[in-house]
Amino acid sequence: MSSLLHSEWIKLRSLRSVLWTTAVVLVLMAGLGALFSFGKAHELAVSGTAADRAGYDPTASSLSGMLLAQIAVGVLGVLVVTSEFASGSIRTSLAAAPVRGRLLAAKAVTAAAVALVIGWAGGLAAFLLAQRVIAGQGLAAASLSSAPVDRALLGAGLYLAVTALFGLAVGAMLRSTAGALTIVIVVLLIAPIFSAALPSAVAGWIAKWWPSMAGFRVVTVAPDPSVLAPWAGFGVLAGFGAVVLAAAFVVFARRDV
Amino acid sequence: MIELRGLTKRYGDTTAVADLTCTFRPGLVTGFLGPNGAGKTTTMLMTLGLQRPTSGSALLGGRRYRDLPVPMREVGALLDARAVHHSRSGRNHLLALAAGNGLPRRRVDEVLELVGLTAVAGKAAGTYSLGMSQRLGIAGALLGDPPILLFDEPVNGLDPSGIAWARTLMRDLAAEGRTVVVSSHLMSEMEQTADHLVVIGKGRLIADMSLAEFLASQAAGGVLVRAADSGFAGTLRGAGATVVAQDDGVLLVGGLDAYAVGKLALVSGTVLTELSPRRSSLEEVFMAMTSESVEFSGGVR
Numbered sequence: 083m084s085s086l087l088h089s090e091w092i093k094l095r096s097l098r099s100v101l102w103t104t105a106v107v108l109v110l111m112a113g114l115g116a117l118f119s120f121g122k123a124h125e126l127a128v129s130g131t132a133a134d135r136a137g138y139d140p141t142a143s144s145l146s147g148m149l150l151a152q153i154a155v156g157v158l159g160v161l162v163v164t165s166e167f168a169s170g171s172i173r174t175s176l177a178a179a180p181v182r183g184r185l186l187a188a189k190a191v192t193a194a195a196v197a198l199v200i201g202w203a204g205g206l207a208a209f210l211l212a213q214r215v216i217a218g219q220g221l222a223a224a225s226l227s228s229a230p231v232d233r234a235l236l237g238a239g240l241y242l243a244v245t246a247l248f249g250l251a252v253g254a255m256l257r258s259t260a261g262a263l264t265i266v267i268v269v270l271l272i273a274p275i276f277s278a279a280l281p282s283a284v285a286g287w288i289a290k291w292w293p294s295m296a297g298f299r300v301v302t303v304a305p306d307p308s309v310l311a312p313w314a315g316f317g318v319l320a321g322f323g324a325v326v327l328a329a330a331f332v333v334f335a336r337r338d339v
Numbered sequence: 021m022i023e024l025r026g027l028t029k030r031y032g033d034t035t036a037v038a039d040l041t042c043t044f045r046p047g048l049v050t051g052f053l054g055p056n057g058a059g060k061t062t063t064m065l066m067t068l069g070l071q072r073p074t075s076g077s078a079l080l081g082g083r084r085y086r087d088l089p090v091p092m093r094e095v096g097a098l099l100d101a102r103a104v105h106h107s108r109s110g111r112n113h114l115l116a117l118a119a120g121n122g123l124p125r126r127r128v129d130e131v132l133e134l135v136g137l138t139a140v141a142g143k144a145a146g147t148y149s150l151g152m153s154q155r156l157g158i159a160g161a162l163l164g165d166p167p168i169l170l171f172d173e174p175v176n177g178l179d180p181s182g183i184a185w186a187r188t189l190m191r192d193l194a195a196e197g198r199t200v201v202v203s204s205h206l207m208s209e210m211e212q213t214a215d216h217l218v219v220i221g222k223g224r225l226i227a228d229m230s231l232a233e234f235l236a237s238q239a240a241g242g243v244l245v246r247a248a249d250s251g252f253a254g255t256l257r258g259a260g261a262t263v264v265a266q267d268d269g270v271l272l273v274g275g276l277d278a279y280a281v282g283k284l285a286l287v288s289g290t291v292l293t294e295l296s297p298r299r300s301s302l303e304e305v306f307m308a309m310t311s312e313s314v315e316f317s318g319g320v321r
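Chains as they are written, first to last, in the numbering used here: chain A, 83 to 339; chain B, 21 to 321.
Rather than coming from a laboratory, the hints here were simulated on the basis of the structure. Don't take each hint at face value.
[What the hints assert, rightly or not] Cβ-Cβ distance ranges computed for the label pairs, FRET-style:
id	chain 1	residue 1	chain 2	residue 2	range
1	A	GLY170	B	ARG83	23 to 29 Å
2	B	ASP179	A	MET83	16 to 22 Å
3	A	ARG337	B	GLN266	53 to 59 Å
4	B	THR34	A	SER99	35 to 41 Å
5	A	ALA329	B	ASN56	32 to 38 Å
6	A	ALA328	B	ASP179	36 to 42 Å
7	A	ARG95	B	GLU130	57 to 63 Å
8	A	VAL181	B	PRO46	35 to 41 Å
[To be verified] Chain B is nowhere near these chain A residues, computed Cβ spacing over 12 Å in every case:
id	residue
9	LEU117
10	ARG135
11	ALA177
12	PRO180
13	PRO281
14	ALA328
Built from N, CA and C at the ideal position, the CB exists for glycine as well.
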């Protein structure tokens, strides 16, 4: 298994597109986090009420770039599998690793590990940069010495790792890049956006239970009784990811080529 | 040694491979031939555990592919030379393969040298010509120094010197005692490379015999004769031969061999300007056999 992990790691790091994407995601996480935080903090500083300022979550605000990072990481998960089907190299890979589940497991571990590191490194950079911006607007910034903040930063990596695994699972089931990307983007981004246009009862249910929205609770610090607690929300996302991944393993192991 | 035992693959109503039983032996280059759609690639995929047989089995050195502990040390395969991620370099492609089977890094440099790709190993595989891709695929098959090698159309896209190189390589690998299976649609190539032929048509075994036997089995035979004296045809008929005059004045003679024709010319005092046995090419034999592949219905000839 360790040799397969090594093999998958070589495959991943030998693609310039992966290196570039990773670098761009890190920069965007930090940059967007700082930008969104500046916008919101400035607005609150200029026209916010005391209650608005008290309800402001500087940690979640600094991690706004996660919205974009989750797509990049989901795409990475998809491509780890579908690029091999597209080029046909999946045959060579499976001939070298005939116990099919092991190959998929090695891909899953590699993709999740990369996403974890992106989430931790990007999240920390975004947090540190954004808190300076927020403090610069005269608002109360968050500090690393707070346990909920540390949990949120830990959660940023975990959230992206699950996102990568979700992409990988969908890619393994569909085998086609276009189809898998569509599903990943719809589930992660489009569905939450469109829920705003739905009747409030449905929208409320989606805000609470939709996997990506529930999972996002883990990077927030300010309590919100209308939705799940941070770890409970992440549990919903992780459970969803586990079910999809298990289905992918079953399908991948049974199929020809 | 590869043993196929009643190997069968059906997709719904379509039978891609039907009850294929044959053995690919070590020390020989075995040509695996058949027209397009005959089931060659499906057979190879089942042998490599990439497709599940509907029934029957393929054993490599007595074991199923998926039971091989380190597959690349046992079997090397070139399936589709273009099946490489286009933006990954040739060296990284091989490094990933080697790492997956715990093979040493230096083995990558060795096979790159062996196939003559050292100079371009750092370039993206998508920039390679088809011939270079074939060499990369062959390098991948040789990584684990395996006793069994399967090559699907390995000379496709190679230039003449590349074809000569590949031919020598296949022969050398077999001479080292390895089992070498080469599928090809280039019959002429097989004639110069293979010791043994396994021919399939519509998924069924048509022939499993040495190259010499194969050629003899369907020899169109006959002797081509060009005589200065136009009356020689009559002389040949008189001796019991069948004679067909070709357009260019050459006589296609059946029933007598070249020696008998030459002797007859000597006795009758006729000058022969051409006397050659007509040997059917592998191509002709192959076409003759596979065009009737339905009627052979699995019978081994």
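Structure-based check of each hint:
no.	hint	in the structure
1	GLY170(A) - ARG83(B): 23 to 29 Å	holds, 26 Å
2	ASP179(B) - MET83(A): 16 to 22 Å	violated, 42 Å
3	ARG337(A) - GLN266(B): 53 to 59 Å	holds, 56 Å
4	THR34(B) - SER99(A): 35 to 41 Å	holds, 39 Å
5	ALA329(A) - ASN56(B): 32 to 38 Å	holds, 36 Å
6	ALA328(A) - ASP179(B): 36 to 42 Å	violated, 50 Å
7	ARG95(A) - GLU130(B): 57 to 63 Å	violated, 23 Å
8	VAL181(A) - PRO46(B): 35 to 41 Å	violated, 26 Å
9	LEU117	holds, 31 Å
10	ARG135	holds, 49 Å
11	ALA177	violated, 5 Å
12	PRO180	violated, 4 Å
13	PRO281	holds, 46 Å
14	ALA328	holds, 21 Å
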